[in-house]
Amino acid sequence: QQQVKQSPQSLIVQKGGISIINCAYENTAFDYFPWYQQFPGKGPALLIAIRPDVSEKKEGRFTISFNKSAKQFSLHIMDSQPGDSATYFCAASKPPDKLIFGTGTRLQVFP
Amino acid sequence: DVKVTQSSRYLVKRTGEKVFLECVQDMDHENMFWYRQDPGLGLRLIYFSYDVKMKEKGDIPEGYSVSREKKERFSLILESASTNQTSMYLCASSSVRGRYFGPGTRLTVT
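Chains A and B, in that order, give the protein sequences.
Per this note's numbering: the first sequence = residues 991 to 1101.
Per this note's numbering: the second sequence = residues 24 to 133.
Simulated from the structure, these hints should not be mistaken for laboratory data.
One thing to keep in mind: the hints can contain errors.
Only pairs whose alpha carbons sit at most 27 Å apart, straight line, appear in this in silico DSSO-like list of lysine-lysine [unchecked claim]:
id, chain 1, residue 1, chain 2, residue 2
1, A, K1088, B, K93
2, A, K1032, B, K26
3, A, K1084, B, K26
4, A, K1088, B, K80
5, B, K76, A, K1084
6, A, K995, B, K80
7, B, K78, A, K1084
8, B, K76, A, K1088
9, A, K1058, A, K1047
10, B, K94, A, K1032
11, A, K1088, B, K36
12, B, K78, A, K1088
13, B, K78, A, K1032
14, A, K1032, B, K36
Computed from the model, here is a short list of chain A residues facing chain B with C-beta under 7 Å [unchecked claim]:
id, residue
15, P1030
16, P1034
17, I1038
18, P1042
19, K1084
20, D1087
21, F1091
22, G1092
23, T1093
Please read all numbers here as calculations on a predicted model, not as lab measurements.
For every residue, glycine included, the Cβ atom is placed at its ideal position computed from N, Cα and C.
This is chain B alone, in the form it adopts within the complex (with noise of 0.2 Å):
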């Protein structure tokens, strides 16, 4: 079976500061994405890696930036984390066309 990890299930976090989410796929997937859900608005693509060291803009970038050293990891890295910024973030993988998903980080900015 795919796994897809996510360093927390739960983070509280202050306006301001710098956070790193964290996620870990064990299939040799090319592919891996970040998404945030929020109620009613479903799921929105922030960035996508096809390869390593390559990363490319979703739907909703602005306030967010990505790193991906190794093929298996993927960050996500909020710069100055805002209170627009409180929301579930969901990483995925997948190999052709489907997604494999993580557990996902709810992640709240006071």
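Bound-form chain A, shown alone (with noise of 0.2 Å):
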């Protein structure tokens, strides 16, 4: 049972441009929410994370937007670069250390 839905599955964008990815959860039970970024023979690593107490966390050019009613969340990256090429997941975490992954999105930023 997929507990954390995410869209789209593929995204191209120009550089310059903004790039939006979207999940979605079920279980409210959820109390923090990472994205992780894995480029091409790598692992994925920690990209940005919030919690369902606050509605927006920026780090540079990644923002992550929360809506705690709605159930989603969604990454913002601005002036995406050639760079951010990459696949990104979010996820959702519970206690004790139980981390839902989504299905991903492979992003492609094209100068």
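Build the complex from these two chains, which are given one at a time in their own frames, with help from the hints.
Below is the structure:
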């Protein structure tokens, strides 16, 4: 049973554009929502994370928007660069250490 | 920096072979995990361990077993490899809620 739904499966954006990836969850017990970035040939690496007591978190060009009532959260990449081309996974976590991943979004940023 | 290493980047095995995938972490983390990654399916948890000699089944444990004899080392075992176990295998460790992943082992079973 897929508890975290991620869309789109793939995304093509021009350099300088905004990339938006969406995720939705079902279980209200989730209390930590990280995003992972994976480059080809590498394991996923934590990019940014949010807890449900805030609606937005920004780190550089990366922003998480969180809508608790809709049980949705999204990653926005501003001024997208070719170096951002990677696969992005959203995830949702509940205690003690259960982490459920979305199915991933392959982002390609063209110059 | 946390470092998680996996014994092989690429592995080709024949159907029916016993396969060992090794993972070592250097940050004294209690928790270690094995995932498999397949296109369109994301990362799926096979097994995890919260302590030495302790193991718990994840979402897709069938056909796999694990061993954790030392805190820093977590091994995934395919008792009799099958073609549907061709996949990318990722090991991870964590301290609190996050995951630190290794580079992965791409296993092909022919």
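Hint check:
| no. | hint | verdict |
| --- | --- | --- |
| 1 | A/K1088 / B/K93 | holds, 22 Å |
| 2 | A/K1032 / B/K26 | holds, 13 Å |
| 3 | A/K1084 / B/K26 | holds, 24 Å |
| 4 | A/K1088 / B/K80 | holds, 12 Å |
| 5 | B/K76 / A/K1084 | holds, 24 Å |
| 6 | A/K995 / B/K80 | holds, 23 Å |
| 7 | B/K78 / A/K1084 | holds, 19 Å |
| 8 | B/K76 / A/K1088 | holds, 20 Å |
| 9 | A/K1058 / A/K1047 | holds, 14 Å |
| 10 | B/K94 / A/K1032 | holds, 24 Å |
| 11 | A/K1088 / B/K36 | violated, 31 Å |
| 12 | B/K78 / A/K1088 | holds, 14 Å |
| 13 | B/K78 / A/K1032 | holds, 26 Å |
| 14 | A/K1032 / B/K36 | holds, 22 Å |
| 15 | P1030 | violated, 10 Å |
| 16 | P1034 | holds, 5 Å |
| 17 | I1038 | violated, 12 Å |
| 18 | P1042 | violated, 14 Å |
| 19 | K1084 | violated, 9 Å |
| 20 | D1087 | holds, 6 Å |
| 21 | F1091 | holds, 4 Å |
| 22 | G1092 | holds, 6 Å |
| 23 | T1093 | holds, 4 Å |
In this structure, the hints that do not hold are numbers 11, 15, 17, 18 and 19, in rising order.
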